[in-house]
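S.K.: If you want the building blocks of each chain, they are given just below.
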Amino acid sequence: MRNVILLLCAFVLVGGVARAHHSYGATYDTKKEIKLEGKLAQFVYRNPHSFVHMTAKDENGEMQRWAVEWSGTAQLANSGVQRDSLKVGDDIVVTGRPSRVPGEYRILMVRLVRPSDGFTWGSGAGQVVD
Amino acid sequence: MVRAPRSSSFARLLLALAAVLASAPVFTQPARPATPPDISGEWRLENNEEDTTAQPPLGEYLGIPFNEAGRLRSDTTAESIWGTPEYQCRPHSAPHQWRGLGGARILKEQDPLTREVKVYHIQFMRSLDRPIFMDGRPRPPAYAPHSWTGFSTGEWVGNTLKITATHFKDGYLKRGGPQVSDMYSMTEFITRHGDLLTIVSVTDDPVYQDEPYVQSTTYQIDPTGSVAMETCNGSSFAENGGTDRHHVPHFLPGQNADARAEWLKDQSWIPPQAALGGVKTTYPEYRATLNGAISESALTVPSSKSAINLDQRIAAQAPRDGEVHVLPVQGNVYMLVVDGYNITASVGQDGVLMVNTGPANMTEKLQAAVNQLATMVEAQRTTNSCAGANCPGAWGWSSPYMNAVISSPAPPRPLRYIINTSASPENVGGNEKLATSGFFPRVQGFGTAVTNVGRGASIVAHENVLNRMQTPVGKQPAAPAVAQPTDTYFDEFHKLPEYVNGEAIIVYYAPKATTDGDSIVFFRHSEVISAGSLYSTVSYPVIEVDKGGSIQGVLDGLNKILDLAVAEYRAQGGTWIIPGRGRLSDTADVASYRNMIHIIRDRVQDMIKKGMTLEQVKAAKPTLDFDRRYGSTTGAWTTDMFVEAVYRSLREKK
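Note that the protein sequences, when read in sequence, are chains A and B. Start counting at 1 in the first sequence, then tack on 20, and there's your number in our numbering. Start counting at 1 in the second sequence, then tack on 10, and there's your number in our numbering.
Isolated chain A (complex conformation) (with noise of 0.2 Å):
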């Protein structure tokens, strides 16, 4: 029980990290939702928030570098994701907030698809960049 009292704390921390450094709903349109189809370009996994990049052609049909924010790196290894989970070159598909600056390449992630073996992130239980 002590255990988990300490690790509910340091999600707690951690989560107040994360939240200090910048404002989701600031930064992205949080009522709005964009897709894109690419190839994982870069999966930086960090504190406060990991990153995806992946190219992905833009609403002209522009291919364009995307920098899909999400979860610092203790929320995505208790939803299973790990350093390893995603490789360069993986075909994905990524479904999020789009930010608020018209014209930035910058996503809140909702969902990840891989489609080549199902891995999917966004629809289980705690699978929420918060």
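Label-pair ranges, simulated between beta-carbon atoms:
| no. | chain 1 | residue 1 | chain 2 | residue 2 | range |
| --- | --- | --- | --- | --- | --- |
| 1 | A | Gly142 | B | Asp48 | 47 to 53 Å |
| 2 | A | Gly142 | B | His203 | 45 to 51 Å |
| 3 | A | Gly142 | B | Arg147 | 52 to 58 Å |
| 4 | B | Asp573 | A | Ser136 | 34 to 40 Å |
| 5 | A | Lys107 | B | Cys242 | 26 to 32 Å |
Calculated cross-link-like contacts (lysine-lysine; reagent style DSSO-like; alpha-carbon spacing at most 30 Å):
| no. | chain 1 | residue 1 | chain 2 | residue 2 |
| --- | --- | --- | --- | --- |
| 6 | A | Lys52 | B | Lys620 |
| 7 | A | Lys77 | B | Lys620 |
| 8 | A | Lys51 | B | Lys275 |
| 9 | B | Lys620 | B | Lys557 |
Treat the hints as calculated values from the structure; they're not laboratory data. Note that the Cβ used here is the ideal one computed from N, Cα and C, for glycine as well.
Following the hints, complete the assembly by docking chain B onto the known chain A.
M.R.: Then chain B, alone, in the frame of chain A:
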């Protein structure tokens, strides 16, 4: 029974009298307790006044005495600015820091003899150490750098520690958009009540506020706590996507207007006008405007004013006092403030190198100051530390001991290089006299100077500087031959052919910036960049469109500086940047200035796309939120002239 000698009793009486006299000031000055309360320790934020750490909704300025400029600056600031390389490692700004997560630690640094507290150190999870000097030291000059923690002095007033702080960088008043300029001061009052610590902070920002903003925060002692340190995972990480490392996120005026409406629609009890902030909305009398009893424009409130004379505070960063002020920077490099214009000087064993020579009327004072500096640096005498025939560097078999004691110091080495970052009068004004007084071993034959060039200091500049100085303009004749550059370059950069004072010095071309001949000078070992006219902390850049200048060129030049510079820690310090005018700066300061130039360019560009004329653009005030800081309605470079230069250079770029 042994009595104390009479003299001893008398001495005790004198001592007692002295003690009474010494304590006399207690009755005439604010009462300083004999033993001030101990505020040191680990403190936990008590989030009991409001949700102090939470992110307020976008556009929520309730209770903030914003003026029009503060509101616009905040409305157009995008949160994703924190994803840019220059922002990722920034700590909380000082006005918000007490309300940041992670608690606070207060340490005491005591004088080992008197045991009095010399300095309090305040630390937060992601801040830098903030010293509060209790020893009465004076404030630094206005041309000294600003930092995230500012420069703070403290004094006890009764049981309250009063902190007065200046020299802050720009940032935010609270999370979620409300901005502060780099001109604000903070006064904090820290009072301990048992296990509680109350901090009342007064943020006085005359650029964006109509009166100081006051907030209080409560902490509780936390003996088992320990402030964590959050490291920064490094800058230059592309958090904003895309491939443009110079991307500056922002909103055009009105573009983000629905953000405020978004949260207000669920908060029907909040009058929309009050959500915009403003000094009148912060007073109870404002309620009369809500029921229609009085219009807001007719309402008067007993507001206090800023204690800061903004114009004076800005001008003090570049004092036009006819004097030369020397600020040691880093390595070999010094900043000389010459009647408001900055000269960069490298001083060392090879001699002197100067970036620009200041206004012509200041040459004699500048020369005297440089000579004094060179003498101090190069010819400073120290005590001999080696005796005996085996001392390193001894010539022959005699000890240098005697000579070190009896000889006089060697004269300072001469001025060898002048680098002109443009042909503007304030940059080349002293060329003629200073170059002549210098020495560069430029010989035609042994011991003979090259005809028409002489053996004066080498003058390095982009070739367009030479072209301008050679060409008479109207009634103004060409510059004297000895004042003209002797060594020009035309490429994207020029490396000086050899180390000067032990380091490489590289001159980078900044095309179409304030003119067509701008340079940036990088001192590679000292880690200093001399920015020339591209960068000023006291005005908008003086863009001379008729001489090939452009807003885009200035922006590119500032980005070049940011590409070269590296912050030491938490996005401050590291590479120092000496502006053409104003205070010594670092990457964070240049990034803020770059952002302003970028934002103004985008706004004017957008207006041009909409078909607006120059007069319409001026009337739309695209620089409104920066005018109190950098603009002017009088003098040689007004806001109107700047906007016109931006407009023209964007219109004419095609």
